[in-house]
Amino acid sequence: MTLPPKLDPSTWNPAITIISYRLDNGLKIMVLPDHAVPVVSLQIHYQVGSKNELPGITGISHLFEHLMFRGTEELGPEEFARRLQSKGGEINAFTTKDHTSYFENLPTDHLELALQLEADRLQNLKLDEENFQTEREVVISERKLRSVDSPFGLVEEQLFAAAYTQHPYTWPVIGWNQDLRRLTLADCQAYYRAYYHPGNATVVIAGDVEPEAARDLVSKYFGHIPSPGPPTFPQVTEPPQRGERRVVFKKVSQVEAFLAGFHVVGLDHPDIYPLTLLEVVLSGGKASRLYQEFVRPGRVADMEAYLAPPPWPAQDPDLFLFRAVAAPGSDLAQLEADLWSSLEHLKERGVEEAELGRAQKILKAQTVQGLAKNFFRGLLAGLFQLKTGDAQRINDILGFYEAVTRDDLTRVAQEYLTEDNRTVVTLKPVSPEESEALGTLS
Amino acid sequence: MTGYLSEIYQKSLPNGMNLLAMEYERVPWVSLTCMVKRGAETDPPDKAGVADWTAEFLTLGTARHSQRELAEKVESLGANLRVRAEYDATYISLDGLAEDFSALMEILAEVVQNPGFPDAEFPMLLERRRAELAHLLDDPQELASRHFRRLFFGAAPYGHAVRGEPESLEALGLQDLTDHYKREFAPNVTTLVVAGMVPKARVQEEAHRFWDGWQGGGPVSPAYSSAPAELAPPGLYLVDRPELTQSEIRMGHLGLPRHHPDYFPLRLANYILGEGGFSSRLMTRIRSDLGFTYGIRSRFFFRRAPGPFIVSTFTPAENTAQVVQEIGAVMQNVRTHGVTAQELSEAQSYYVGHFPLGLETSRSLATQVLNIDLYDLGLDYLSRYCENIQGVTLEAAQQAARTHLQPEALVTLVVGPAARCRAALEELGALTVIEGS
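These protein sequences, in sequence, are chains D and X. Going by the numbering used here, the first sequence opens with residue 1, and the numbers climb by one from there. Going by the numbering used here, the second sequence opens with residue 1, and the numbers climb by one from there.
Everything labelled a hint here was simulated from the structure, so no lab data went into it. Careful: at least some of the hints might be erroneous.
Said to hold, decoys possible - Calculated cross-link-like contacts (lysine-lysine; reagent style PhoX-like; alpha-carbon spacing at most 25 Å):
id	chain 1	residue 1	chain 2	residue 2
1	X	K200	X	K11
2	D	K250	D	K126
3	D	K347	D	K361
4	D	K286	D	K364
5	D	K364	D	K428
6	D	K286	D	K220
7	D	K286	X	K73
8	X	K11	D	K364
9	X	K11	D	K361
What the hints assert, rightly or not - One side of the interface only, derived from the structure: several residues of chain X facing chain D at Cβ under 8 Å:
id	residue
10	P28
11	A71
12	L97
13	F117
14	L143
15	E318
16	E435
As the list claims (entries may be wrong) - Anything over 10 Å on all C-beta distances counts as not near chain X; from chain D, calculated:
id	residue
17	Y21
18	D120
19	L127
20	T134
21	I140
22	D149
23	A194
24	P240
25	E244
26	K251
27	S253
28	G266
29	N374
30	D390
31	E436
All of these numbers come straight from a predicted model, not from anything done at the bench. For glycine and all other residues, C-beta sits at the position ideal for the given N, C-alpha and C.
Between the sequences and the hints, there should be enough to build the whole structure, so can you do that?
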């Protein structure tokens with residue numbers, strides 16, 4: 001059968017065009033034109049995240065992200081989101097260990113308004129005591145939701161706190177409770193001055209735009225904003241772990257669980273690709289090893305290996321995680337021993353060709369599926385640029401996965417998934433009375 | 001505005017099944033869904049979860065392949081087989097690369113038409129569900145939603161969790177699942193939806209090849225479409241969870257069925273009340289003004305029968321009573337004073353402007369088509385959608401708010417630490433403490 005060219009998968013070209021510009025004030029711009037649907041994803045990535053904080057003011061990056069929605073000289077609280085949402089936009093932001101990102105996915109016609117409002121809050125944010133106090137309470141509620149009352153939020157915090165001894169990935173993005181309560185308006189004002197300027201930002205526009213016209217629009221609203229140049233940060237390296245670390249954390253819970261992490265590499269390291277494939281071999285789908293061995297027979301409520309796929313791994317060496325939630329009545333210690341023994345088996349015997357092939361096809365499929373969204377295309381380019389300095393790498397991802405061999409998988413498993421490189425936090429259930437006797441959760 | 005929308009084409013297969021499909025050119029991807037228009041509504045009151053467990057069981061082996069072989073087959077294509085029941089329908093979905101379209105269609109047909117129902121898989125399914133349930137009940141949000149559903153609807157069809165209740169672990173057997181399959185999986189209530197980079201002729205050819213011969217079961221249960229005779233009396237209810245630092249709050253009353261003529265005006269009014277994020281009154285008051293929560297939302301669950309209207313939020317426990325009071329006041333205000341012309345116009349431009357963002361992926365297109373078929377919205381629904389939104393007048397939105405928001409009928413459930421919120425809640429009115437949780 002002859003297919004119309006647009007409906008023939010074999011003629012589909014996955015190459016994504018990225019046109020880059022740089023304004024005189026240091027602002028980096030990347031445009032990814034695509035005219036299929038009259039929408040655009042505008043993203044502004046500031047190169048500052050929780051790793052750039054200091055003990056005592058942890059959580060300021062994320063709290064500041066909230067403050068960016070509290071209005072300017074011209075706009076009232078949340079009016080930024082309201083005005084763009086009323087044009088059909090999806091408006092939000094997120095803070096990670098490495099960067100803080102704001103986005104507006106909206107009809108192309110309203111790109112200029114979004115740029116105008118982004119430039120406005122970059123220069124004229126209204127940082128007053130009332131806004132600060134209200135938003136701090138909101139973040140405290142968010143911390144209780146995500147960390148304190150969630151089944152494993154605090155367990156995960158304990159894992160990173162134990163696994164990193166010197167690197168700032170040791171504290172959570174949302175910050176420690178006591179730091180959130182200690183932060184002041186003056187801290188936020190200083191933070192705004194230091195990190196929110198064009199020299200520390202990358203603008204990504206993906207979707208139905210012409211590159212030069214998009215650049216001109218960005219220039220119109222951002223070109224005149226001065227910048228002191230990118231801030232410098234000390235490069236902190238986590239020393240190699242010299243032996244397993246174990247932590248017990250007690251809380252009210254129906255289930256026993258453990259969370260384990262192994263230090264691996266950051267996004268820029270070539271081993272990120274075999275590690276990502278290893279994660280899929282272990283727990284991607286219902287033919288995967290951990291599903292067949294632990295989940296399918298009902299030994300666990302959940303058992304997964306986790307390493308965020310590119311472009312999501314952290315910039316500096318990240319953790320390869322294992323999360324196991326025991327089924328009621330299961331022996332947690334035995335479960336853990338069996339997991340490590342399963343990994344030893346993989347290290348000794350390697351993986352089968354079919355397992356690697358499945359993992360490669362799964363990652364290819366996920367990538368192709370993701371590329372349907374301008375938002376995802378923009379994030380791929382933006383985050384690779386931010387964390388590796390090379391946005392063009394997004395066009396090589398499928399090739400990187402395809403080049404990985406079975407030997408690579410065995411090698412990374414042997415190199416990184418070792419007992420000495422492992423931190424394990426065990427969740428031990430206690431009664432509400434015992435929990436109270438252990439002190440307040442925060 | 002909608003020139004980029006491709007046509008939805010329809011074909012009835014000889015066995016009575018319906019085929020609906022859409023060509024999609026953006027990426028070489030295809031989304032297939034077999035929708036059986038019976039779901040958890042048909043679960044017997046003491047056997048919650050039958051529809052959903054049956055759906056999962058279809059993936060645990062076919063007449064030709066074991067669970068593992070089937071999973072390997074799907075995953076060697078990089079595809080994703082997902083099954084779930086909702087109240088009104090059961091969905092078996094397979095998404096994958098367009099280059100594998102024929103293989104995907106064959107797998108989907110095999111899963112739906114020739115399940116193996118292997119005995120040995122049932123005890124494992126049971127253990128997985130037992131473990132999952134224990135794990136789920138540690139999540140305060142899940143706990144609150146489950147309690148609310150049970151409290152509000154009681155034994156009526158929307159009163160149980162689709163995935164099952166703790167009692168299901170003892171009550172359900174393999175026979176229940178095979179019986180459900182034999183009764184409800186019938187071509188005359190089944191629609192196959194295909195959205196992807198596959199030409200129309202090829203979709204039709206493969207649909208005929210793989211589905212024409214399926215006879216299926218029946219006669220199917222009658223569809224559930226009436227409101228329950230009895231609901232929880234309005235008032236305040238509390239589930240004590242001393243270990244929590246925040247209270248989960250659910251406040252709701254009975255809503256409307258999907259086919260109700262006030263659907264569009266009410267969606268717009270509710271966007272303004274609590275569905276419109278930072279544009280909503282509830283978010284403005286409870287989060288932006290008071291800083292009491294990270295998130296709050298109100299939602300009408302439009303189903304075949306009237307679903308619930310629910311306001312959901314959480315707040316540090318000491319704020320609980322004040323948040324409950326504020327929510328009631330915001331609702332009352334919208335009901336009494338209505339919404340403004342500017343609010344309505346912003347809500348309308350949100351839905352119209354946002355419309356193309358929902359068409360970027362083949363899965364989101366497939367979801368639209370599934371809803372069009374399930375609720376008989378008409379094949380021109382997408383092309384009329386923006387018109388329907390823009391056609392709502394201020395008067396119609398006001399009328400919808402006045403008629404369908406009922407602050408006096410609210411059933412309010414709090415799941416939180418009683419020691420820190422009970423006394424203040426009691427000042428708001430009589431409080432029923434729900435024991436045994």
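Status of E436 (chain D), Cβ more than 10 Å from any chain X Cβ: With a cut-off of 10 Å, E436 (chain D) comes too close to chain X, as the shortest Cβ separation is near 7 Å.
Are all beta-carbon distances from I140 (chain D) to chain X longer than 10 Å? It is violated; I140 (chain D) is separated from chain X by about 7 Å at its closest Cβ, not greater than 10 Å.
Hint status (Cβ of L97 (chain X) to nearest Cβ of chain D, threshold 8 Å): Since the shortest Cβ distance to chain D is 6 Å, the answer is holds.
Interface-negative label, K251 (chain D) against chain X, beta-carbon threshold 10 Å: 7 Å, violated
A closest beta-carbon separation below 8 Å is what the hint needs, so does F117 (chain X) meet it against chain D? 16 Å, violated
Agreement of K364 (chain D) and K428 (chain D) with the hint, judged by alpha carbon distance not exceeding 25 Å: Judged against 25 Å, a Cα distance of about 39 Å means the pair is violated.
Take a quick look at whether K11 (chain X) and K364 (chain D) sit within 25 Å of each other, Cα to Cα. 32 Å, violated
Hint check: is the beta carbon of A71 (chain X) less than 8 Å from a beta carbon of chain D? Hint holds; A71 (chain X) Cβ to chain D Cβ min 4 Å, cut 8 Å.
Please work out if K347 (chain D) and K361 (chain D) have their alpha carbons no farther apart than 25 Å. 22 Å, holds
Satisfaction of the E318 (chain X) interface hint, Cβ to chain D closer than 8 Å: Given a least distance of 12 Å, the restraint on E318 (chain X) is violated.
Close enough to count: is the Cβ of E435 (chain X) nearer than 8 Å to one in chain D? 15 Å, violated
Are the Cα positions of K286 (chain D) and K220 (chain D) separated by 25 Å at most? 51 Å, violated
Of the numbered hints given earlier, the model fails hints 2, 5, 6, 8, 9, 13, 14, 15, 16, 20, 21, 22, 26, 27, 29, 31; all others are met.
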